[in-house]
Structures are given as structure tokens and as C-alpha cells.
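Undergrad: If you want the building blocks of each chain, they are given just below.
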Amino acid sequence: MGVRVSRGTMMSVLQIHRSEKDILQSRAAEIQREIQQGERKIFSEVLDLSSGDLHGGGIKPITFVRQVLAACSYPALLEDQSLPSDVRQRAEDLLRECAGGSVGSYSESSGMAKVRECVCEFISRRDGGVSSSPDNIFISTGSQTALMKLLTVLIRPEHSCRTGVLVPEPGYATFRLALQAQQAAVIPYQLCEDQGWTLQIQELRRALQSATHICTPAAIYICNPGNPTGHVQSRTSIEEVIRFAAEEKLFILADEVYQDCVFADEADFVSYKKVLSEMESPISSTVELASFHSASKGFMGECGLRGGYVELVNVDPAVQRYIRTLFSTRSCPPVPGQIAIQLMVDPPKPGDPSFPAFTEEVQSIRDVVCRNVRLIQEVCRELPGVRCQPLKAGFFVYPRLQIPPKAIKWAKEHQMKADMLYCMRLLEEEGLHVRPGCEYGQAEDTYHIRLFVGTRADTMEAALRRLKTFHTRFLEDFS
Amino acid sequence: MQQKMSENGAIPRQGKVLTVDTMNANVKKVDYAVRGPIVQRAVQIEKELKEGVKKPFDEVIKANIGDAHAMGQRPITFFRQVMALCTYPQLLDDNKFPEDAKNRARRILQSCGGNSIGAYTTSQGIDCVRQDVAKYIERRDGGIPSDPDNIYLTTGASDGIVTILKLLTAGEGLTRTGVMISIPQYPLYSASIAELGAVQINYYLNEEKCWSLDISELQRSLQAARKHCNPRVLCIINPGNPTGQVQSRQCIEDVIQFAAKENLFLMADEVYQDNVYAKGCEFHSFKKVLFEMGPEYSKKVELASFHSTSKCYMGECGFRGGYMEVINMDADVKAQLTKLVSVRLCPPAPGQALMDLVVNPPQPGEPSHQTFMQERTAVLSALAEKAKLTEQILNTVPGISCNPVQGAMYSFPRITLPERAISEAKAKGQAPDMFYCMKLLEETGICLVPGSGFGQREGTYHFRMTILPPTDKLKLMLNKLKDFHQRFTQQYS
Chain A
1 MGVRVSRGTM MSVLQIHRSE KDILQSRAAE IQREIQQGER KIFSEVLDLS
51 SGDLHGGGIK PITFVRQVLA ACSYPALLED QSLPSDVRQR AEDLLRECAG
101 GSVGSYSESS GMAKVRECVC EFISRRDGGV SSSPDNIFIS TGSQTALMKL
151 LTVLIRPEHS CRTGVLVPEP GYATFRLALQ AQQAAVIPYQ LCEDQGWTLQ
201 IQELRRALQS ATHICTPAAI YICNPGNPTG HVQSRTSIEE VIRFAAEEKL
251 FILADEVYQD CVFADEADFV SYKKVLSEME SPISSTVELA SFHSASKGFM
301 GECGLRGGYV ELVNVDPAVQ RYIRTLFSTR SCPPVPGQIA IQLMVDPPKP
351 GDPSFPAFTE EVQSIRDVVC RNVRLIQEVC RELPGVRCQP LKAGFFVYPR
401 LQIPPKAIKW AKEHQMKADM LYCMRLLEEE GLHVRPGCEY GQAEDTYHIR
451 LFVGTRADTM EAALRRLKTF HTRFLEDFS
Chain B
1 MQQKMSENGA IPRQGKVLTV DTMNANVKKV DYAVRGPIVQ RAVQIEKELK
51 EGVKKPFDEV IKANIGDAHA MGQRPITFFR QVMALCTYPQ LLDDNKFPED
101 AKNRARRILQ SCGGNSIGAY TTSQGIDCVR QDVAKYIERR DGGIPSDPDN
151 IYLTTGASDG IVTILKLLTA GEGLTRTGVM ISIPQYPLYS ASIAELGAVQ
201 INYYLNEEKC WSLDISELQR SLQAARKHCN PRVLCIINPG NPTGQVQSRQ
251 CIEDVIQFAA KENLFLMADE VYQDNVYAKG CEFHSFKKVL FEMGPEYSKK
301 VELASFHSTS KCYMGECGFR GGYMEVINMD ADVKAQLTKL VSVRLCPPAP
351 GQALMDLVVN PPQPGEPSHQ TFMQERTAVL SALAEKAKLT EQILNTVPGI
401 SCNPVQGAMY SFPRITLPER AISEAKAKGQ APDMFYCMKL LEETGICLVP
451 GSGFGQREGT YHFRMTILPP TDKLKLMLNK LKDFHQRFTQ QYS
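Residue numbers (the UniProt record's numbering), protein chains in the order written: chain A, 1 to 479; chain B, 1 to 493.
I should point out that these hints are in silico values taken from the structure, not numbers from a laboratory.
Facing chain B, according to a computed beta carbon distance under 8 Å, are these residues of chain A, among others:
{"id": "1", "residue": "Ala-70"}
{"id": "2", "residue": "Ser-105"}
{"id": "3", "residue": "Val-153"}
{"id": "4", "residue": "Arg-156"}
{"id": "5", "residue": "Pro-157"}
{"id": "6", "residue": "Thr-174"}
{"id": "7", "residue": "Glu-302"}
{"id": "8", "residue": "Leu-305"}
{"id": "9", "residue": "Thr-325"}
{"id": "10", "residue": "Leu-326"}
{"id": "11", "residue": "Thr-329"}
{"id": "12", "residue": "Arg-330"}
{"id": "13", "residue": "Pro-334"}
{"id": "14", "residue": "Pro-336"}
Computed from a predicted model, the values in this text were never measured in an experiment. In this text, a Cβ means the ideal position worked out from N, Cα and C, and glycines have one as well.
From just these sequences and the hints, can you work out the full model?
TA: What follows is the structure, encoded as C-alpha cells:
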């Protein structure tokens with residue numbers, strides 16, 4: 001394991017190198033500061049399409065959500081007649097679930113009972129009646145925390161042969177970091193770009209085979225809808241993966257945080273749990289599944305509140321008891337985040353005073369996102385050497401770039417990937433911040449960029465103008 | 001190792017992937033008594049009461065957990081006003097809110113992406129909050145500089161504590177990191193050490209001397225530990241949990257000298273820094289003492305100190321606000337720390353905002369100052385009164401002996417148990433103080449945490465009880481406990 005044991009050292013497994021994301025993020029912040037200090041730039045601000053943050057992108061929070069949260073934080077507002085009656089009622093109901101009637105109290109470690117019950121009702125509705133139990137729900141500080149707790153239980157650090165987890169490429173970079181921090185082995189499986197980023201079982205088999213003698217695979221991580229790909233898995237594909245997991249004895253980690261971000265009409269999200277429940281015995285009752293959701297995405301976009309949950313399916317009860325204890329050591333998830341989850345799964349209904357405004361706000365967010373996606377795809381079609389897979393869901397567009405050989409060579413000479421070169425120049429010359437495909441893992445000699453779609457319409461228009469200008473110039477410079 | 005792949009469409013293997021045999025063995029050693037089996041039973045009893053089951057009491061008193069609001073303590077008005085303004089900025093136009101609250105909210109919102117607390121913050125925490133934390137530390141510590149870059153906002157202090165422990169845990173076998181913790185201790189430490197597979201090194205606090213810390217005991221424990229692990233960390237909770245002792249300045253200096261000499265990373269858990277009640281006791285921050293000891297120590301000793309919004313006079317546990325300040329950390333290690341915290345993306349923004357208010361409360365002259373001071377003083381003086389009351393009443397019970405509750409939120413009295421009770425407990429496979437606490441719960445509805453959950457000297461028994469219930473209820477509770485103890489002693493004599 002190569003551990004240096006001397007003063008001031010620690011675990012060797014985390015790579016110290018600055019990731020592309022870190023480099024771009026700090027340069028973007030630097031440039032923003034230079035602009036604020038009056039240094040002349042062609043652009044008056046950095047446009048940030050790098051991270052999946054709706055509010056950061058200028059989209060407003062949902063009024064109902066914030067009114068309820070405010071009334072919960074400051075119960076004097078329960079007497080405020082200017083707040084709709086359903087807001088005040090909901091806040092009252094939620095405060096009744098808090099010890100001492102305060103959101104400042106600890107809750108149960110797995111989250112307030114009422115929130116878990118509402119989550120179960122949501123899951124059941126979503127899955128056409130498949131039952132869900134509050135005992136299998138753990139509210140967490142964002143879905144990442146729950147994912148990391150599951151990893152803690154799955155990964156056996158004391159074993160000489162590391163535990164392996166199958167991870168998609170392209171895939172969410174922070175998850176790989178989490179695996180490294182937990183001393184797990186990453187077993188990448190390539191998503192098939194030409195087929196619209198589908199998951200191919202042959203590729204899963206190949207990946208698993210490649211892990212022979214290197215590590216002990218224990219789990220497969222899937223992000224559906226995908227990040228950065230936006231791919232929505234078909235029911236058939238999900239079934240195939242479940243069968244594969246059953247055959248190969250893998251625990252399924254199904255990251256479904258983008259389930260509410262589906263905008264293509266023909267792409268229906270179906271949950272892993274639903275598909276599993278409809279398969280034959282013994283698969284339906286033995287394949288272990290953890291499914292994650294969050295209030296950070298969808299129309300809520302409440303990333304900062306850190307509200308997430310995991311539903312455990314078919315997990316051994318004795319193991320689940322240990323998982324419960326693990327959650328208990330951190331006291332409880334943040335109560336504002338728990339409230340956000342409750343509001344997400346139990347929004348205003350027809351007839352409620354807040355329903356019209358709520359519906360309008362959600363619709364307008366969906367509209368702006370759909371419009372943004374359309375605009376990006378148009379631009380991608382216009383620009384030479386840019387190819388975009390049809391986008392079904394999620395928060396990002398992930399076009400492939402044909403980068404001129406001269407640029408590839410230049411990048412290599414300067415120790416960076418060509419898409420990182422593209423992103424760095426885009427940031428410096430046009431003040432547009434996006435992420436390079438090398439962050440997410442990609443096939444050799446392919447290059448991509450990831451653009452966030454959840455920004456205000458005017459931001460997106462300005463960003464795309466800058467992208468067009470830059471792309472043309474970039475191709476010229478390296479022709 | 002790699003299992004052979006089955007033929008296509010073949011029957012899947014029997015049994016589960018994740019069983020008690022295939023799971024991470026470390027997780028099986030994790031215990032957290034504060035929310036352990038006794039609390040689970042208390043929750044069950046509450047359900048039974050709701051369903052109308054007859055009991056010798058009509059409510060469960062949860063004196064097991066340091067949750068002030070749950071026991072009826074009111075939140076600080078100013079804090080909740082600012083939180084409401086940050087959450088729903090429309091209220092900035094509402095003249096029912098004072099101007100100073102609005103200014104705080106505006107400042108916080110300006111530092112948030114899209115001016116919303118719903119945006120991700122940087123993983124180290126909102127810049128302006130970290131700056132305010134640094135200023136608070138400087139004010140508190142008589143001007144000793146604090147660099148915002150050394151401040152990490154965290155999800156409660158627990159998050160910071162576990163992160164540092166994770167960072168420092170390395171090695172294998174004889175070189176495995178050893179972590180020195182006080183006995184008794186707050187079981188987050190023992191739980192995290194178990195989870196991380198680090199080595200727990202116990203040093204005993206001196207019950208006879210009001211739970212003080214003896215350097216000779218630190219020395220003994222370190223020497224013994226060196227034989228089987230690599231001791232690298234020394235954890236101190238000051239004011240103490242569960243014991244409530246407030247370390248003297250001399251003691252803190254001695255500990256710093258010890259850490260310097262023995263090359264130990266100091267973790268100073270100071271979440272109860274405003275909870276000091278006893279006359280003659282004063283909170284001295286480890287950082288302040290370290291820097292007042294001069295460059296020989298202040299440039300060398302590695303220190304992480306932790307604070308939280310959950311305790312003191314705020315009691316805002318549910319917001320999960322906290323911070324840690326790291327001093328003299330090796331640059332490479334600090335880079336790793338920054339990377340490690342990025343894995344969980346960011347701490348909850350409401351908790352960060354709340355932390356900002358704790359370190360930047362209303363100042364004299366500001367509209368909210370008077371009310372703020374009144375509320376703060378009321379909470380702290382009530383706690384001081386209850387600390388004294390608890391000590392007094394418990395010491396009137398034959399068989400119970402309680403050290404002065406100098407600070408924090410708990411009493412940790414020693415209880416004498418009759419031999420018969422001890423053997424009956426052991427026959428049941430229960431720790432004797434758990435046996436006692438379970439009986440107490442069943443007969444009186446009072447939920448405490450047995451001393452075995454915190455660690456104690458062999459052959460001694462304790463329980464931890466919070467001083468948080470309102471004074472009248474606290475008196476009632478203490479008297480019920482007194483009656484119970486006498487009954488119990490008689491029953492098993």
C-alpha cells in the first residue's frame with residue numbers, strides 16, 4: 001500500500017494532484033476577481049456553465065418551498081396572513097414533528113418519521129404501487145453522504161485484495177474520489193457513445209473480467225439518468241443490469257438523483273426498484289439495491305440545503321442494523337434539508353392556494369431548461385466538429401469535439417488533455433466556464449465538454465454566443 | 001477471488017452480496033450509546049404511551065441527548081430572523097424585521113451563488129463566513145491572528161472531527177495510527193476510531209480530582225500504546241463531555257508541552273466553550289494558550305480545534321453548523337484535507353449562515369443587541385443554575401456521588417450498585433449500569449445513557465444525564481431518580 005509514515009503524513013490513497021475541475025474553478029474565480037478590480041477584459045463577467053447548480057445559474061427557488069422553510073425557521077411567521085394558508089399549515093405540521101417544536105432540535109438519525117413516510121408514499125406512487133417502508137429509508141446530508149456510508153459498509157479495507165466497484169465512464173468525478181478515499185478499486189465500464197451513451201452488458205462483462213486478480217468486485221454504480229450523459233436507461237437495459245448483478249453477485253448502487261429532470265417525451269424514467277420488483281423470484285427478493293435521490297436537482301435545485309435519501313432494498317436486516325448505527329454516529333441529517341425532501345415528495349396539490357404559483361414556477365423552469373437544451377443542440381449542429389447525442393434527461397449537455405491535430409499536439413506538449421486546453425482557452429478568452437471530458441473519463445482520443453443547462457435564458461444565450469465565437473477562432477488558430 | 005461468471009440466463013447465486021461476514025468488519029465495532037438500545041426502548045415506550053398503555057409515568061424524559069430545544073429551550077430570536085430572511089428574501093421588504101438582521105442576511109446572500117442559500121457553496125465553506133469565524137477567533141483569543149484559509153466550515157463539529165481522524169489514520173499493524181482519547185469520552189471518538197480501523201488509546205481522567213487530566217496518566221497511556229501502534233493524535237474535549245470539567249490554563253499548557261514533546265497532533269473539541277458555570281473556572285482556548293507559549297510551541301504543534309452551533313446558548317443542533325481551525329498543518333496534508341472535504345461537496349448552507357451569526361452576533365448599539373443579550377444570558381444562567389441544582393440533589397442520594405458540573409451540559413455521577421444487581425446484569429449479558437438505566441427507564445420514564453457508553457474505570461459505574469430539562473421538570477426528575485435509586489439499592493441488597 002506504500003504508506004509513508006512520518007510526521008505530518010496520512011493516507012496515501014488520495015491523489016494530491018489538482019484536478020482539471022480545481023484548476024478551472026480557481027482560474028474562473030481569479031478572473032472574476034480581476035474583473036471586479038477593474039482589470040479590462042473583453043467580457044464583464046465569467047459565465048458559469050460548469051456545475052449543476054440551478055440557483056447558481058440564476059434560476060429562482062420555488063416560492064412555496066422557501067415560504068415553508070422560512071416559517072419553520074421563524075415560527076412567528078405562522079401568524080403572518082400574507083403567507084398562503086397552505087404554507088402556514090405545512091410549516092405547522094412539520095414543526096409538530098420536531099422535538100420541542102423547533103427545527104433546531106436533533107431528529108432521528110435516519111430522518112424525521114414523517115419525512116420518511118412521505119418519501120415512501122412518493123416512491124410508491126412513482127412505482128405504480130410497489131410498497132415502500134420508512135424503515136428502509138435513510139435521509140442524509142445530500143445523497144453523496146448516504147452513498148459514502150454504503151461504500152463504507154461494502155468496502156473491506158483490511159483485505160489484502162481491494163474491494164472493487166464498477167463505475168461508468170463517463171461518470172461523475174467526485175464519486176471516483178470518494179472511492180479512492182475509501183480505498184476501493186475503480187473498475188471503469190465504458191458507456192456506448194454511438195448508441196446514445198447506452199450501457200452494454202458485453203462491456204460490463206469485459207470490465208468485470210479485467211478486474212480478475214486485481215480486486216474483488218462487490219458493487220456496480222449506475223447513474224440513471226446519467227451525469228454527464230443525460231442518458232435514460234430503458235426498462236430492458238435495467239433488467240439486463242439487474243440480471244448481471246444477480247449472476248455476478250454485485251450490490252447495485254443506483255444513483256437516481258436526476259429522475260425528475262426528464263424532458264424528452266419518449267424517454268420515461270423507470271426506477272431500478274420498480275423493474276426489480278417486477279422480475280421473477282428469487283431475483284426480486286435477493287438482489288440488493290440502494291437507490292439515491294436528492295433535493296439538489298429537479299426543479300427544486302436546493303443543493304445548499306443538503307437534502308437527500310437512500311432507499312435500501314433486499315438488504316440483510318443484520319447489515320441494515322449496522323448501517324443504522326453508522327448513521328447514528330453523525331446525529332442526524334440537517335433539518336432544513338429534511339424539510340426540502342418532504343416538500344419535494346409532497347408538493348402543493350390542485351385546490352391548494354399555492355398550487356397555481358407552484359405549477360407555474362415549475363413549468364417555467366422546465367421550459368427554460370428545454371429551451372436551453374434546444375439552443376445548445378442547435379449550436380452544436382452549426383459548429384464544425386461538434387457532435388451531440390440526443391439529450392433525454394439530466395442537467396447537462398455533453399457534446400463530442402473534433403479537435404484539430406495541431407491543438408492535440410500543443411496540449412500534449414503542455415501536459416494537458418486537448419479538451420482541457422479547449423476549456424482553459426474558452427475561459428481565458430471568452431469568460432465561459434465549462435468542464436472538460438477528461439474529468440469524467442472518456443475513450444482514448446475522444447474529447448468532450450460538459451455544459452450545464454439549468455441557467456437563465458439570457459445567460460445561456462450569451463454563453464452560446466461566446467462559445468460560437470471561441471470555437472471558430474480555436475479551429476482557425478490550430479488549422 | 002474473482003468468481004467465475006455463470007452461463008447466460010443461469011440461476012443467480014443464493015444469498016446476499018452484503019452479509020455480516022462480507023461487510024467491512026470495522027463497521028461492526030461501531031457503537032454510539034447516545035442513540036443506542038436504551039434510546040430505542042425509550043422510543044418504543046413513547047409509542048406505547050401514545051397507544052394508551054398504562055405506565056407508572058405519563059411521559060418519557062429524554063435526558064440522554066444534548067438537545068436543548070427538544071427540552072424546551074427557545075432559539076435566539078435574532079438568529080431565526082436572519083435565517084428566515086436568508087431563506088425567503090422577500091421578507092427583506094417586511095418592516096417587522098430589524099435592520100441589523102436584514103444587513104446580516106444581505107451580506108450572507110451576496111456571498112451565495114445566485115444569492116441563494118440553495119446554491120452549492122465552495123467545499124471549504126462560504127468565504128465571508130470563514131472570514132467572520134477568523135475574526136471571532138481573533139477577538140476571543142485576545143488578538144492572536146487567525147487565517148480564514150485555515151478555517152473549514154463543517155456539518156456540525158462531528159463532520160470535522162471525523163475528517164481529521166480519517167486524514168491522520170494510516171499505517172498497518174505496529175505502525176497503525178493510535179488515537180488518544182479521554183476516558184470517559186463522547187462516543188463519536190470511539191465510534192470513528194472503530195470505523196476507521198485506527199487504534200484507540202485510553203487515558204483516564206481523574207474522578208477523585210473532579211475529572212482532571214494528569215500528565216503522568218497521559219505518559220503512562222502513551223508508553224503502553226507505543227508497544228502496539230503508532231500514537232499520532234491526542235483528543236481533548238474542553239469543557240468535557242460527559243464530565244463537564246473545565247481545564248485550567250496550566251493543564252492546557254502541560255498538554256501542549258506533552259503534545260510537542262511526543263509529536264502528537266492535538267484535536268481540541270471546544271463545542272461547549274460558552275458553557276462554563278463554576279466559579280473560578282474559565283474557558284481557555286487551546287489556540288490562545290498555544291500562541292502565548294511562544295514560537296517554540298506555536299510554530300510547531302499541530303492543532304485542530306472544533307466548534308459548533310449545536311451547544312452553548314444556541315442549541316441549534318438541527319442546522320448542523322460547525323467549523324474547525326487547523327494550525328501548523330503540513331502543506332501537503334492540508335491539500336489532502338481540502339480534497340477530502342470536497343468529496344461531500346459542501347456543508348449545509350443554512351448551518352454555515354447560522355455559524356456566521358454565532359461568530360458575528362448583534363453588537364452594542366445595534367437594534368437587536370439588547371434582546372439578544374437578554375436571551376443569551378437567560379439561557380446560560382439557567383444552565384448554570386441547573387448545573388448546581390443537579391450536583392446538589394444528586395449528592396444527597398446515598399450511593400450517588402456527583403462531581404461539580406463545571407461546564408458543558410451533563411452530569412456524570414458515579415453510582416454504587418449492589419453486588420446482586422451487578423451479577424444479575426452480567427448474567428443477562430448487560431453492562432451493570434445499562435441494567436440500572438433500563439430499569440430506571442421502565443419504572444420512571446427517565447432516559448439516561450449508561451456510563452459504559454462513554455468509558456469508565458473498571459468496576460465503576462456511572463450514567464450521563466443532561467441538565468437541559470426546564471428547572472421544575474429537572475427537580476422532579478432528580479427526585480424521581482433519588483427515589484428509584486433507593487428502591488433499586490434496597491431491592492438488590
